[in-house]
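**Q** Turn these sequences into a full structure, and let the hints steer you where they fit.
As given, the protein sequences belong to chains A and B, one line each in that order.
Be aware that the first sequence starts at 1, since it is given in UniProt numbering, and climbs by one per residue.
Be aware that the second sequence starts at 1, since it is given in UniProt numbering, and climbs by one per residue.
Certain hints may be false.
Using C-beta positions, here's what the derived DEER-type ranges look like [unchecked claim]:
1. A/ILE95 <-> B/ASP17: 34 to 42 Å
2. B/VAL25 <-> A/ILE56: 49 to 57 Å
3. A/ALA117 <-> B/ILE66: 47 to 55 Å
These are computed hints drawn from the structure, not numbers from a lab.
A virtual CB, placed ideally from N, CA and C, is assigned to each residue, including glycine.
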Amino acid sequence: MSGGKWPRRLQLAVLAALASIMLAGCGSDYVVLNPKGPVAQTQYDLIMISIILCSIIIIPVIALTAFIVYRYRDTPNNKATYKPNWAHSTKLEVIWWSIPIVIIAILGYFTVRDTYALKENPNKEVQPMVIQVTSLDWKWLFTYPEQNIATVNYLQIPAGVPVQFQISAEAPMNSFWVPELGGQIYAMAGMTTELYLQADHPGEFQGRGANFTGEGFAHMQFNVKATSQDEFDQWVKEVKGTTPAMSKEDYEQLRKPGLSDVLTYSSFPEGLFEEIVSKYSHGHPMETGGSMHDSMHMDGDKKESAPGSEAGEKKDESAHSTHHMPNTAMTPVMSH
Amino acid sequence: MWESLKEFASWFFVTGDPLIYGAMVSIALTMVAIVFVLTKYKKWGWLWREWLTTVDHKRIGIMYLIASLLMLFRGGVDALLMRVQLAFPNLEFLHSDHYNAIFTTHGTIMILFMAMPMMFGLFNMVVPLQLGARDVAYPFLNAVSFWLFMFGAMLFNLSFVIGGSPDAGWLSYPPLSQNDFSPGPGQNFWIWGIQISGIGSLATGINFIVTILKMRAPGMKLMKMPMFSWSVLSSCIMIIFAFPILTVTIALLYLDRFAGAHFFTMDGGGNPMMYLNLIWMWGHPEVYIVVVPAFGIFSEVVATFAKKKLFGYTSMVIAVMGISILSFFTWAHHFFTMGTSANVIAFFAITTMLIAIPTGVKIFNWLFTMYRGKISFKQPMMWTIAFIPCFVVGGATGVMLAVAPADYQYHNSYFLIAHFHQVLIGGVVFGYLAGIYYWWPKLFGFKLDEKLGAWGFWLWNIGFYVCFMPQYALGFMGMTRRYYTYGWDLGWEPLNLVSTVGAFLMGAGFVFQVWQITYSIKHGERDTTGDPWNGRTLEWSIPSPAPFYNFAVVPQVKELDDFWRVKEEKANGTYKEEPVHLEPIHMPKNSGLPFIMSFCWFIAGFGFVWEWTWMAAIGMVGVALVMWARSFQYDTDYYVPVDEVRRTEASLGRVY
Numbered sequence: 001m002s003g004g005k006w007p008r009r010l011q012l013a014v015l016a017a018l019a020s021i022m023l024a025g026c027g028s029d030y031v032v033l034n035p036k037g038p039v040a041q042t043q044y045d046l047i048m049i050s051i052i053l054c055s056i057i058i059i060p061v062i063a064l065t066a067f068i069v070y071r072y073r074d075t076p077n078n079k080a081t082y083k084p085n086w087a088h089s090t091k092l093e094v095i096w097w098s099i100p101i102v103i104i105a106i107l108g109y110f111t112v113r114d115t116y117a118l119k120e121n122p123n124k125e126v127q128p129m130v131i132q133v134t135s136l137d138w139k140w141l142f143t144y145p146e147q148n149i150a151t152v153n154y155l156q157i158p159a160g161v162p163v164q165f166q167i168s169a170e171a172p173m174n175s176f177w178v179p180e181l182g183g184q185i186y187a188m189a190g191m192t193t194e195l196y197l198q199a200d201h202p203g204e205f206q207g208r209g210a211n212f213t214g215e216g217f218a219h220m221q222f223n224v225k226a227t228s229q230d231e232f233d234q235w236v237k238e239v240k241g242t243t244p245a246m247s248k249e250d251y252e253q254l255r256k257p258g259l260s261d262v263l264t265y266s267s268f269p270e271g272l273f274e275e276i277v278s279k280y281s282h283g284h285p286m287e288t289g290g291s292m293h294d295s296m297h298m299d300g301d302k303k304e305s306a307p308g309s310e311a312g313e314k315k316d317e318s319a320h321s322t323h324h325m326p327n328t329a330m331t332p333v334m335s336h
Numbered sequence: 001m002w003e004s005l006k007e008f009a010s011w012f013f014v015t016g017d018p019l020i021y022g023a024m025v026s027i028a029l030t031m032v033a034i035v036f037v038l039t040k041y042k043k044w045g046w047l048w049r050e051w052l053t054t055v056d057h058k059r060i061g062i063m064y065l066i067a068s069l070l071m072l073f074r075g076g077v078d079a080l081l082m083r084v085q086l087a088f089p090n091l092e093f094l095h096s097d098h099y100n101a102i103f104t105t106h107g108t109i110m111i112l113f114m115a116m117p118m119m120f121g122l123f124n125m126v127v128p129l130q131l132g133a134r135d136v137a138y139p140f141l142n143a144v145s146f147w148l149f150m151f152g153a154m155l156f157n158l159s160f161v162i163g164g165s166p167d168a169g170w171l172s173y174p175p176l177s178q179n180d181f182s183p184g185p186g187q188n189f190w191i192w193g194i195q196i197s198g199i200g201s202l203a204t205g206i207n208f209i210v211t212i213l214k215m216r217a218p219g220m221k222l223m224k225m226p227m228f229s230w231s232v233l234s235s236c237i238m239i240i241f242a243f244p245i246l247t248v249t250i251a252l253l254y255l256d257r258f259a260g261a262h263f264f265t266m267d268g269g270g271n272p273m274m275y276l277n278l279i280w281m282w283g284h285p286e287v288y289i290v291v292v293p294a295f296g297i298f299s300e301v302v303a304t305f306a307k308k309k310l311f312g313y314t315s316m317v318i319a320v321m322g323i324s325i326l327s328f329f330t331w332a333h334h335f336f337t338m339g340t341s342a343n344v345i346a347f348f349a350i351t352t353m354l355i356a357i358p359t360g361v362k363i364f365n366w367l368f369t370m371y372r373g374k375i376s377f378k379q380p381m382m383w384t385i386a387f388i389p390c391f392v393v394g395g396a397t398g399v400m401l402a403v404a405p406a407d408y409q410y411h412n413s414y415f416l417i418a419h420f421h422q423v424l425i426g427g428v429v430f431g432y433l434a435g436i437y438y439w440w441p442k443l444f445g446f447k448l449d450e451k452l453g454a455w456g457f458w459l460w461n462i463g464f465y466v467c468f469m470p471q472y473a474l475g476f477m478g479m480t481r482r483y484y485t486y487g488w489d490l491g492w493e494p495l496n497l498v499s500t501v502g503a504f505l506m507g508a509g510f511v512f513q514v515w516q517i518t519y520s521i522k523h524g525e526r527d528t529t530g531d532p533w534n535g536r537t538l539e540w541s542i543p544s545p546a547p548f549y550n551f552a553v554v555p556q557v558k559e560l561d562d563f564w565r566v567k568e569e570k571a572n573g574t575y576k577e578e579p580v581h582l583e584p585i586h587m588p589k590n591s592g593l594p595f596i597m598s599f600c601w602f603i604a605g606f607g608f609v610w611e612w613t614w615m616a617a618i619g620m621v622g623v624a625l626v627m628w629a630r631s632f633q634y635d636t637d638y639y640v641p642v643d644e645v646r647r648t649e650a651s652l653g654r655v656y
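**A** If you want it as structure tokens, here you go:
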């Protein structure tokens with residue numbers, strides 16, 4: 001081996017490569033680094049903060065490695081100090097126990113702050129709109145309870161309005177992800193998770209499933225189109241006027257494993273989403289009353305009437321964003 | 001008759017894919033060749049007496065090593081097939097089902113059947129020698145562990161040609177891994193391959209904890225124990241707490257599939273999310289189980305090749321043992337996106353970040369071990385130096401992933417893939433390779449060729465960055481893991497192609513290493529001193545290859561790095577020669593029972609896989625019979641007479 005020169009060159013090359021990736025991040029293909037809404041923006045800021053904080057460690061450590069490896073290489077002409085028994089320095093060790101502690105403390109602060117923030121509606125001034133998302137094998141069903149329309153593998157939303165996605169599945173667990181608008185959340189049978197996203201301006205974005213669900217998983221991609229409120233209302237009207245209604249049978253067809261084109265429906269069976277969820281929530285405690293997106297704290301299992309509760313599944317649900325849906329009545333928030 | 005036989009074969013064997021037919025033929029040819037060679041040279045008896053029945057930790061270590069290199073090959077080929085499929089958009093090289101099976105087996109094999117046995121191989125090859133012991137605490141159990149691993153791995157790999165491979169991901173999340181979505185034996189192969197080898201892993205954990213706590217040479221207080229042994233202790237503590245969780249979890253999954261239970265099913269009261277929690281309660285400690293011993297290896301290598309005492313030994317011990325506790329409090333960071341409460345997410349985000357603290361401290365300690373040292377760039381040291389920047393970057397991206405709200409954007413994307421490959425390859429693989437190069441002469445009596453090793457080293461390292469740096473960028477481009485194909489419209493194609501090129505560079509590096517081993521068997525530099533690297537710990541004080549009883553005389557330890565102390569004292573004339581007094585050495589006898597018992601487990605496992613209860617019952621009865629037989633075996637040890645010890649030592653150049 002020719003001494004310590006090569007590792008350093010390699011590290012420089014790596015740094016250069018990393019830097020070019022970061023700079024290239026401005027390109028529009030880098031969807032995660034091109035936030036188009038407040039949620040993605042918050043996450044983008046956190047990503048940048050964490051990159052900077054990590055660089056504070058990475059760059060000096062790599063530079064120090066290169067220096068030490070070069071300086072203390074064992075060659076005949078090397079005059080560097082050699083102290084084979086120097087193996088302890090309280091001062092130094094206190095320093096490098098503290099450096100990561102400080103960095104982690106700073107990063108931890110931002111992490112916790114935004115973890116709580118992202119559970120909330122990102123745009124308090126505007127009443128959020130609700131869209132229900134169901135992951136099926138292997139397509140996405142979107143039902144709009146307020147508009148009473150439904151789409152498959154296509155999502156249209158008004159720009160500037162926060163959307164509360166209520167997400168579930170009647171298939172293996174998936175994850176609902178529109179990178180330009182914000183991070184993902186799991187879609188699980190028998191439960192609803194919720195996710196707030198908002199597009200600040202009209203535009204088209206890619207959405208996809210991010211958790212492996214089997215054969216057709218790679219094809220579970222969909223377009224998200226954000227338009228002005230007027231155009232959105234126009235689109236709803238058009239869908240209502242020109243497309244077929246979805247029947248129970250249509251849904252049964254839809255949920256069979258297979259791929260699907262983009263579809264739109266002028267209406268869907270009432271309570272479809274709630275029914276899908278309750279089918280697998282096997283008598284988990286009901287949570288009724290209040291709106292879905294309030295942070296509710298209640299002992300749900302007081303309701304003895306929930307069928308299936310004889311299985312003794314008492315679960316203290318401090319309902320956060322995973323809710324078990326009732327399997328009897330509809331939740332009031334769904335009324336329109 | 002013929003028709004029904006044909007029908008049986010068509011569902012029993014995997015059919016229809018030319019790649020698999022090719023593999024079947026090559027497997028059959030290899031088997032025939034092995035049988036032929038063994039028969040021709042009359043080696044069956046030798047194979048049985050010297051290897052299949054051995055309880056010698058060094059030989060068991062060597063068998064682990066061979067098995068893990070074979071598995072590295074299989075897992076590596078899986079990786080290359082995936083990279084070929086993803087090199088260009090819309091390729092039709094692999095279909096979805098085939099691709100899904102390949103990433104499932106790649107992950108399972110690399111973690112459970114490559115990293116774990118390579119790690120156990122190193123434990124076995126090194127720990128007793130480092131402690132000044134003559135074997136592990138339970139040599140028979142050690143052989144049981146190995147053969148359980150081996151038969152578990154064989155059962156798992158069998159799915160490739162019989163029945164079909166599992167294809168629900170390396171952790172087989174339900175409901176996807178349930179009968180409704182993954183019918184057939186593939187998923188059962190996954191369960192039973194892991195289950196059987198997992199029992200072996202748990203036993204190894206117990207074995208090495210006892211070995212480390214009870215078998216150290218006189219005078220070696222815990223705080224005078226070499227760092228690698230500390231890291232093994234930490235790893236084994238994690239094993240004994242984590243592996244029972246795995247065993248129970250996949251046993252429940254099997255009950256769901258076999259007996260129609262509803263632990264993790266989508267319907268009938270099952271809770272798939274409970275599986276996620278349980279599997280990661282094992283899965284997260286598991287990654288520390290494999291990486292912590294690598295930290296131990298780096299500590300040994302850095303001190304030896306910088307010719308300097310390990311810096312901050314006490315700090316290192318605290319850091320390594322701290323990780324073994326912290327690792328159990330981070331599991332939920334694998335599913336921040338499950339929608340749990342902000343309190344839960346915040347807790348696990350912080351605990352995950354905390355792990356970075358002891359890890360960072362270790363990096364500084366290694367750097368300052370080199371500082372004011374004299375660094376020579378032998379192969380083990382090259383891998384260690386390459387590890388530092390690689391692991392620093394990989395660790396930092398790990399901290400980025402711990403930032404929970406940002407993780408919603410990284411989760412399941414190629415950013416995550418790049419991260420864990422960087423810590424697992426940069427940390428675990430580089431570490432184990434450093435360890436293998438370092439301790440190879442002690443086991444085999446010769447060094448591995450430097451020149452071929454350098455080719456392997458540079459191809460691996462350059463290949464690594466070419467392969468995985470683009471994947472971080474692909475993560476930012478929104479590319480999701482486990483896509484078997486993608487379109488032209490996403491801008492993913494250039495970086496994917498680059499990544500594929502990098503994977504092949506790493507593959508070429510592996511080929512050079514195999515060449516290096518075969519070349520060195522004949523031409524490698526012989527180690528006649530027993531101390532080829534100017535080592536510091538006890539294993540270097542005995543001849544290479546180590547005699548079967550390890551130490552002719554049990555060493556008396558006075559300090560950390562005791563062998564270094566002895567050498568220093570001899571150099572400056574202060575060493576006091578103690579009178580040597582050989583005594584008969586107490587050793588365990590070989591036994592065929594571990595092999596037979598594990599084979600019975602294999603039969604039982606195969607029965608469980610096909611849900612042939614009769615076969616499973618036969619296998620389990622066999623297991624019980626072997627245990628019964630063993631419990632009445634009293635003649636399990638013997639003494640090596642002084643003459644034989646003296647003769648053996650003389651043949652290795654040491655006169656007593």
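**Q** Could you run down the list of hints and mark each one as holding or not?
**A** Against the structure, the hints come out as follows:
no. : hint                             : result
1   : A/ILE95 <-> B/ASP17: 34 to 42 Å  : violated, 58 Å
2   : B/VAL25 <-> A/ILE56: 49 to 57 Å  : holds, 56 Å
3   : A/ALA117 <-> B/ILE66: 47 to 55 Å : holds, 54 Å
Checked against the numbered hints listed earlier, the structure breaks hint 1 alone; every other hint is satisfied.
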